[in-house]
Amino acid sequence: MNQALEILVCVLLLSGAGFALVASWGLAKLGDIFKRLHGPTKASTLGVGGVLLAAMLWQAMQGVPSLRELLITLFLFMTAPVSAYLVARAALSSDASLRPGPPPGQDGDA
Amino acid sequence: MELALSVFIGTLVAAGVYLLLRARSFDIILGLTLLSYAVNLLIFSMGRLAVGKPPILDKALDPSLANHSDPLPQALVLTAIVIAFAMTAVLLVTAVRSRSDSRSDHVDGHEPPEETP
Amino acid sequence: MAHLPILPILLPLLAALVMLLVRTRRVAVHRFIGLLSGAGLVALAATLAVQADDGGTRVYLVGNWASHLGIALAADRLSAIMLLATSLLALPCLWFATGGWDRRAPHFHVLFQFQLMGLNGAFLTADLFNLFVFFEVLLIASYGLILSGARGARVRSGLQYVAFNITASTLYLFAVGYLYGITGALNMAEVAARVAAMPAAEAAPLQAAAGLLLVVFCAKAALLPMYFWLPETYARSPAAVAALFAVMTKLGVYTVLRVFTLVFGAEAGALANLAWPWLLPLGAATLVLATLGALAAPSLRLLAAYLVLGSAATLFIALGLASAEALGAGLYYLVHSTLVGGAMFLLADLIRRQRDNAGDSLRKLDHMKNRGLLGVLFMVAALSVAGLPPLSGFVGKFSLLAAVPGAQAAWLWPVILFTSLLVIVALASAGSQLFWREGGEPAPPGAVPRLRTPEVGATIGLLGLGVLLSVFGGPALDYTQAAGEQLMAPSAYIEAVRGALPLPGVSP
Amino acid sequence: MKRWLPAPLLSVTVFVVWLLLVASLEPAHVLLAAVLALVLPLVAQRLREDTAHARRPGVAARLIVVVLWDIVLSNIEVARRILGRESRMRPAFVWIPLDITNRHGISALAGIITMTPGTVSSELSPDQRHLLVHFLHLEDADAAIAHIKSRYEAPLREVFP
Amino acid sequence: MLATLLATPFVLALLVGLLPDSRRRAAAWLAALAPVGGLVLLALMTPDVMSGAGVRSLVPWVPAMGLDLSLRLDGLAWMFAGLVLGIGALIVLYARYYLSAADSMPRFLSFLLLFMGAMLGMVVAGNLVLLAVFWELTSISSFLLIGFWKHRQEARDGARMALAITGAGGLALLGGVILLGRITGSYELDVVLASGPQILASPLYPYALVLVLLAVFTKSAQFPFQFWLPHAMAAPTPVSAYLHSATMVKAGVFLLARLHPALAGSDLFFYLVSGIGAITLLVGSWHAIFQHDLKGLLAYSTISHLGLITLLFGLSTPMAVVAGLFHILNHATFKASLFMAAGIIDHETGTRDMRRLGGLLRILPYTAILAIIASLAMAGVPLLNGFLSKEMFFTEALEIRGHMFMRWGITVAAVLAGAFGVAYSLRFVHDTFFGPGPVRIERTPHEPPRFMRIPVEILVILCLAVGVAPALTIAPVLRTAAEGVLGADVPYYSLSIWHGFNTPFIMSLVGLALGIALYFGIRKLIDLYGVSYDSRGRRVYEWKVAEAVRLAGKLTDRLENGSLQRYLLMVVLSALALGLVPFLSADLAFPGRSQPMPPLAWLVWGMGMVATLATVWLHRRRLLALVVMGAVGLAVSLAFVLLSAPDLALTQLLVEMVTIALMLLALNYLPPESAPEPSRLRKWRDAVIALAAGGGVAAMAYAVMTRPFDTVASEILARSLPEGGGSNVVNVILVDFRGFDTLGEIAVFGIAALVVHAMLRRARMLPERRADGPPDPLVIPNTVARLLLPLALAVSLYLFLRGHNLPGGGFIAGLVLAVPVLLQYVLSGNEYMEQRLGFDYPRVIGVGLALALATGVGSWLLGYPYMTSHTDYVAVPLLGKLPMASAMVFDIGVYLVVGAGSLLMLGMMAAVRPPLHGGAR
Amino acid sequence: MIQTCIDIAMGAFALAMVLNMFRLLRGSGMPDRILALDTLSVNTIALLVLAGLRESSTIYFEAAVVIAMLGFVTTIVLSKYVIRGDIVE
Ligand code: NA
Ligand code: NA
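Residue numbers (UniProt numbering), protein chains in the order written: chain X, 1 to 110; chain W, 1 to 117; chain L, 1 to 508; chain B, 1 to 161; chain E, 1 to 921; chain Z, 1 to 89.
A portion of the hints provided could be inaccurate.
[Stated by the list, open to error] Chain X side only, calculated, beta carbon under 7 Å to chain B, not exhaustive:
| # | residue |
| --- | --- |
| 1 | C10 |
| 2 | F19 |
| 3 | K35 |
| 4 | H38 |
| 5 | G39 |
| 6 | G63 |
| 7 | L67 |
| 8 | R68 |
| 9 | L71 |
| 10 | T73 |
| 11 | R89 |
[Stated by the list, open to error] Some residues of chain X that are not near chain E, with every Cβ distance over 10 Å (derived):
| # | residue |
| --- | --- |
| 12 | P81 |
| 13 | D95 |
| 14 | R99 |
| 15 | P103 |
If you're looking for bench data, these hints aren't it; they were derived computationally from the structure.
These figures come from a predicted structure and were not determined experimentally.
The C-beta atom is built at its ideal place from N, Cα and C for all residues, glycine as well.
Work the whole structure out from these sequences, hints included.
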């Protein structure tokens, strides 16, 4: 049982770390800002989330159960999309060529 | 570790001093910010370095420097950070006002005479 | 009475807070509170001075912790002198400002009280880091006093002042950091004891830290090569503020005196008397340059600024001589130059406003209203500043000259005497330009503002204090001499601070 | 009730957050948490124009599970794309027409879109009727729109009517 | 009585000075009271003086410096005091009529009395320092008197020059006095005068002598300092008569007489004093011949007579001293009367130019006769007083022993000077009173008012009386004075008109004949009116002063070029110098107890290093530099976490957020990029300096970090929980051990906010970039941020409450409160926030500070020092025992100040509006 | 085993941060850099949590919460500056 849980913790840890690494790799590698934007938003959710989940599990196994890491997750889930949204807005406004047309049925610039 | 931190502090100082000697108010502010990082790290490190020994007392541990890092420099740095922030704020506002009044962000209030490099 | 040493810090703080809390549109309330606090500070400082005259050092353990654990305040003669000089200067400055400037500068009175809090704290604290904190309190208040209501060139010189001082403060932190890292203490007495016990082989880093400290203090006190910021800043500051700043350079001098007699003084083992060899030549050189600046100054306020600079330089000469006698003379001169330097700025402002177009320019000609009164005041101030008898400047300069030992007299006397002469020339030519020459069209009636009672009263008061200082030159010099002797024997201070015991029985 | 408890959901959140922070269920802390749950939203009220009135907790719960699952999927998907050849990506912008009008709903939708497969919400049109979404890889725009609207917007409209 | 004598002129000067300009007569009466009353007092004291006892008085002033108000009236002082008061009385009378209605009588007389007091003080001073004090006072009051006609350029210049020269002398005197004090151990004249041999034997003697002589020579207008005196003639004539003939210029020779017992008797003294005296004698009398201005002639004549007196004191024999004192008196009488006569002529004709005067014997016969008699006395004609002292001088010149060269030189000089004296006296008389009448004068001259002549008459009568019957008139005075200098050694001498047909008499005759021949010869040879003598001394002085001012200006401008860059560079260089000096001699052995680097530290280190360097590299692109610097801040925070300082890390993170927001707000009003720098050299120079600074700091940091360490902190750690009541030691230090620091710190923070408030309250500034269109409401972020706010409040409260035991505390909590509110500002806009939040932030700051202050004061009530904390466990129903430290109340103060302060700063920065008029930048 | 996993995970996050630094310095646009800084701080959270796990210490927690809750403020402020110039309108 403990062994299994330990393996689970490890899996969570490693997959979280893996996702975060890939996301940052994407940030470094991809060609334009909008492509790059996709990685980090995921990293902050699953990457960090995995680690946090692992941490909670592990602490429970140690006999000091703590749900405080949930808070971090909560805050990250609330804030990460906002960050991404504003960076996207910044990218749109700093480079007009990236901007798509207005929504269908509307004229002029949004 | 001590060497690495020293080098980092030194780099911050070098960067800060270089920027401090620039002619534009904002550059100087950046320089002073870097210098304040440096000085904070320095004061902190003057209590010597310790990993994993926060100065937070634990009933299990003897309250001595063997188990805790030196709290005094930490308290000093806290004060220093706050004061540096206050100073930076005033300096920023002054720089902005000076630029607005003299139409130049040169710290001497006027653009330098054109020189051929 | 037991709390006396902390009151000069808390009283202005309290005054400032009351002003902040009683946010009234009526400036009269702020004026009343400010002046009340100023008067109270004079009384407190005087009481402290009387107390300190028994030769003891009164130690106040803030928070009831032993001095090496917490923060200790210590009041000896030197502190009392500085407090007294500050409060005697501040009250007239404040009164002067009630002539109208305090309406134009937002938060003037609050900032003024904070400035006093910082100054008094710096003079009283016995803790190196706490000194930094009070430095910052007074500096940030001084930024406010310079910048509040400022425009144009004043903002620019304010920017330079702020940037310069932040740099100096950062350097101070470096120095204190190193000192702590080497000695493991912050209380000056504790540091002094530890420095004295330091093996000579490990002196180099300690000496470097002391060197940094010295640079900071000298930058604040405006010593060559770091005084260049001062004249412009002071000349551009509002009169009441510039006058108060006459004590700011003295603060630098004070800190040099305190730290380098206590920590790196005669009893500091391998590092004994570290600073003096630097200070003497630099002080003399600064004095010469400041005097030349005064000679060339195109405006009265700039002239006054150079005179303040010169007075600080003179003090460094006294420090550099490092004898009880010279220190005594220097401290007397310090009080004198603080009061008279302040008066000079106030006077310059009055003169500036009584000349319609030319302001305080020494190049342009103009008519001046109230020439008689201002002329007499200028005369008194000039005599005092130039060190001419019978005013306080003479007593100070004379006692300083008398304290120069034979070996140095050969070059120091010519320097001091010749710069005195140049100051006389500069002041005589400024006075004759301002008061004897007239030119241009007289200002139309109503164009020149009337002299206001607070402004004239404050100026006269400050000059009167200078006169009193000379009349009571005997007791005053006795006091400063005693202070000088106290400084040259720092062990009593060290023992008093280290030996101060907390009251028993408060902690749970 | 409304005056003293303007946002029950928020109050509950505060209550939970406090207990999580102190990591304790002692009566003192529970009491304090309750007090804060009452007080803090009232304080925050000063800065809020409208409050979120969430309904249908069942739908909300189901949506949360769906989203969490989609997050896992999306991560794998995005990781695959990132590690793959960049030239094979077909990124695109799509304006998603919105039926939902509640500000909180829109915000939640935008957040969900950002956290789920290969999409990042990038801009809300000024009239709040369209949401600009960037796709890392888009094959069929209409299908994607329909997917988003049915999978996320529909339940959200129930939660935030 | 002596003190009263001294105080009278000063008191009256003040009273007279306070009179309005219209009260001319009252001023004169009041002013006359000083010399008249003084003379009465002096008369009362005369018996004591004559008896040789003298009068003394002592009031301590600055005893520590040996500087007391010690007064001493001996024979010499008595004679001078009489001179000062006597002539002073006549001058006041004269001035009463001399001054025109345009001049302020009270002001003039007030200055005059001030001078009189200074002069009196100098002569009766019983303490050398006091003497120097009054010495300087005479310089200052004479400055005021010379410049009295302030509208005249030459008056102002003359006054300044006189002050500079005599003031310099005064400073030298101060030096000399201190040296004498060092030699003798006292400044009291009684002691100093009794220590002559000791002084002469001292190695300091030459310095002391030269310094004192500098004072003497400047004040008494001796070569080469003589040039200021003629220019002082720009003063009103009563001033010239009083100061520049009778009294002030005599101060120098008075000092010679005064210190004669102490300083005289060396070869150095002899050569210096008599040599300079002789040169002055010749130079002065020669130049006097070529003056066109009456007063100019008299001034040069005065110079030469002063030279004569100086020469006599230089000779140092008792008889020479007597002769010197005698000539002082004689010169005072005839020269003062001549000046007054010149003043009358000026007054009546409107000119003093001898080229335009002439024939006045017809027009002003009475005045002319008085003046002619006085001139003859000046020329040394027998039966007048000038003759007597001149005879004595000739005798003494011939008596010089042991210095052959000096004897002949001085004898020849004496005869020559005598001849020159005759010549200029002749010119004075001839050109003014004889020959063709006055030309081109504005008014018709009349004899002056009765009372204006009286002073002249009295003085001329004195000249005659002394000249005819010296033994009856002047002998007792002279003897008394001589005793004051020489003590019991006063030699036997006879004051009679006829000593027989001896060498001195022949010399007198030769001089007389030569002088007459010279005057008429010169008139034949050259056009005396065409010669214009320009003072070289003045040119040199003016050139020097102008040059000094110019150089000073150049140097100052060069040093203080208004460049902050230079000022900062100086600080950096000074710090480098003083920081590096100690290591030059020490061998740098690092103890080297370095700890191994944890793997994570490498990351932090690398991140910090790279980001720091990048910040510098990119610094000109400001926004970019700011973003990169964010990574530096993150690295620093991480370093703190890693190295066991969680509180620091938190604070650093939060401050970083607020700082970046502030910087961005500011950046909108600054150029987005730094302008390129003109000089590449400077960049390299700065880089080198920066590297040196960084290297120095790093080396020193490493050296200290690896050193063994003994800190007070171990005790703090041990006592934190039991006595400070908290287990987060950093926080306990902040609110308890070093709570006073924190009080100052939040004061700084609060003041900073107030300063920002004061500077921006009404500021209008043009932003660098203004986005088009209405602000984007940013609906989605806004919704989230508002949802986050109560949660952040909860976190903030949590960090606050547990700060005493775990990381957190008032400051951190305050920022955790401020940052989400800041976010609201960003997302909702300033107006929205002000409507809804609208706190009076300055007052909140006040409340916070007041709380902190009050917590400290609370401990007074229990009899403990300020800020003594009181920790207790309060049992609260249901909640159990809660720790309640008074320090926590203090922390609430911190919390409020930090929260309100940061919001005030941000809010003010945000609320700046563009100018009413003005387009884009 | 857990310790090894934690170490590996920390290594991965550290590497991720290095990559973030690369993007931060490389740019090219301002949004890229803002994004890189944001990602850097998110990865820092994970690193802090892992460090806490590794040393069984709770002192890293507060820093992690604060970054999670308020770290995005920097991102928002910078982005707003890029979008509007004036960050508080
Ligand atoms: Na305490
Ligand atoms: Na704005």
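Here's how the hints hold up against the structure:
1. C10: violated (17 Å)
2. F19: holds (5 Å)
3. K35: OK, holds: K35(X) within 7 Å of chain B, min 6 Å.
4. H38: holds (5 Å)
5. G39: Holds - the Cβ of G39(X) comes within 7 Å of chain B, reaching about 6 Å at its closest.
6. G63: Status violated, d = 14 Å.
7. L67: holds (6 Å)
8. R68: Hint on R68(X): holds, closest Cβ of chain B at ~5 Å, below 7 Å.
9. L71: OK, holds: L71(X) within 7 Å of chain B, min 5 Å.
10. T73: Constraint on T73(X) not satisfied, violated at 11 Å.
11. R89: holds (6 Å)
12. P81: Answer for P81(X): violated, closest chain E Cβ roughly 8 Å.
13. D95: holds (15 Å)
14. R99: holds (14 Å)
15. P103: holds (15 Å)
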